[in-house]
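Participant: In the numbering used here, the protein residues as written are 13 to 327.
Calculated from the structure, these hints are not laboratory results. One thing to keep in mind: the hints can contain errors.
[Claimed, not checked] Derived Cβ-Cβ restraints for the label pairs, each shown as a range: (1) Phe93 <-> Ile185: 27 to 37 angstroms; (2) Tyr47 <-> Phe268: 32 to 42 angstroms; (3) Lys61 <-> Met280: 39 to 49 angstroms; (4) Lys135 <-> Leu196: 39 to 49 angstroms; (5) Ser148 <-> Thr193: 29 to 39 angstroms; (6) Trp315 <-> Thr182: 47 to 57 angstroms; (7) Val81 <-> Trp315: 23 to 33 angstroms; (8) Trp206 <-> Leu29: 32 to 42 angstroms; (9) Phe268 <-> Thr85: 20 to 30 angstroms; (10) Leu133 <-> Asp288: 12 to 22 angstroms; (11) Ile310 <-> Trp206: 14 to 24 angstroms.
No residue lacks a Cβ here, since even glycine has one placed at the ideal position from N, Cα and C.
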Amino acid sequence: MSSSTSRPNYSQDARGLVYGVGFTIMQLSAICSIYIIVRIVSRWVRLGKRPITLRFPFYIAITDLMLYVSLMTDQLHDVIFSRNWDEPMCKITATAVSISGFSNMMLVCSVTFITFSTIVLGKHIDLGAGDWKLLSTVAIFAILMGFVTIPSAGSSWYWCYEEMFANNKTIQILVILVEVTLFLLTFFFAVKVWIVLMNAQNAVRELESGSTNRESISVFDKYTVSTTAKPQRNYKRERLLEVAARKIMTFVLNYFIQWSGTTPYILMSVFDIYQDWMIVLCTIGMNCGGILNMIGFIRNEGWVDHEDSTKMVSF
């Protein structure tokens with residue numbers, strides 16, 4: 013915050029709690045993100061395969077590190093000098109935070125849609141060599157939204173994000189509407205996928221007492237039990253796609269946990285309401301992405317890599 017903007021004395025506000033909790037989680041999150049990147053890259057080099065179940069957490073880890081660098085640049089100045097950056101640096105760091113956050117949101121929304129298209133609609137989406145279509149879409153969207161936020165970016169309570177007590181809230185409201193839209197779209201696609209996966213699990217339970225081959229049940233048949241194999245169908249691959257979808261949904265669930273924590277602060281900032289609990293919750297939410305990503309990755313892949321074919325399936 014600039015020196016001209018007032019705020020409570022440090023003994024009367026949550027500065028110690030915000031930065032104590034925030035910086036601790038921030039460093040842990042960065043370590044977790046680096047762990048995921050190193051482990052996935054080493055696996056790619058060793059096995060030469062890049063399934064979506066590894067590419068997705070890898071890309072998430074990249075966006076988490078982007079968020080880490082921008083937040084560290086943003087908040088470290090306040091920790092050292094007890095005030096936010098002066099302009100124009102405050103706008104620059106605030107814009108960097110926005111670009112990093114939108115990169116993460118758009119990435120998760122896009123991959124959730126791809127999963128929805130594959131599992132629910134049965135339609136494959138070509139991502140191009142090196143996923144360039146996906147990554148370019150995410151990058152262009154995030155950069156455009158970053159430029160949109162520049163006029164409203166400025167000094168806030170404990171960091172540079174949106175300008176406090178601004179007379180014109182139009183851009184801020186527009187940005188919030190975009191964030192909410194991404195969140196709701198991701199939720200819609202995820203729910204549709206979860207419904208299919210739950211139906212699949214119910215069908216599998218029915219098979220446990222029967223003699224029907226599990227691979228004869230397909231996600232694209234809405235898991236109707238049938239002992240008659242259909243021509244030109246790769247049931248094994250479709251079963252593996254289900255496994256991949258379950259893994260992807262683990263990271264999508266983490267996304268909801270992470271960004272739900274920032275919601276009260278973002279919404280109430282439009283009304284210039286800044287409560288300590290909102291700020292602390294927002295700090296935890298913005299900084300915990302790497303930790304949640306690592307938990308999801310370990311849950312899916314374990315602590316040791318296994319060359320299981322179910323882990324190699326890709327959309």
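Participant: Broken hints, numbered, in rising order?
Facilitator: The structure conflicts with hints 2, 4, 5, 10, although it agrees with all the remaining ones.
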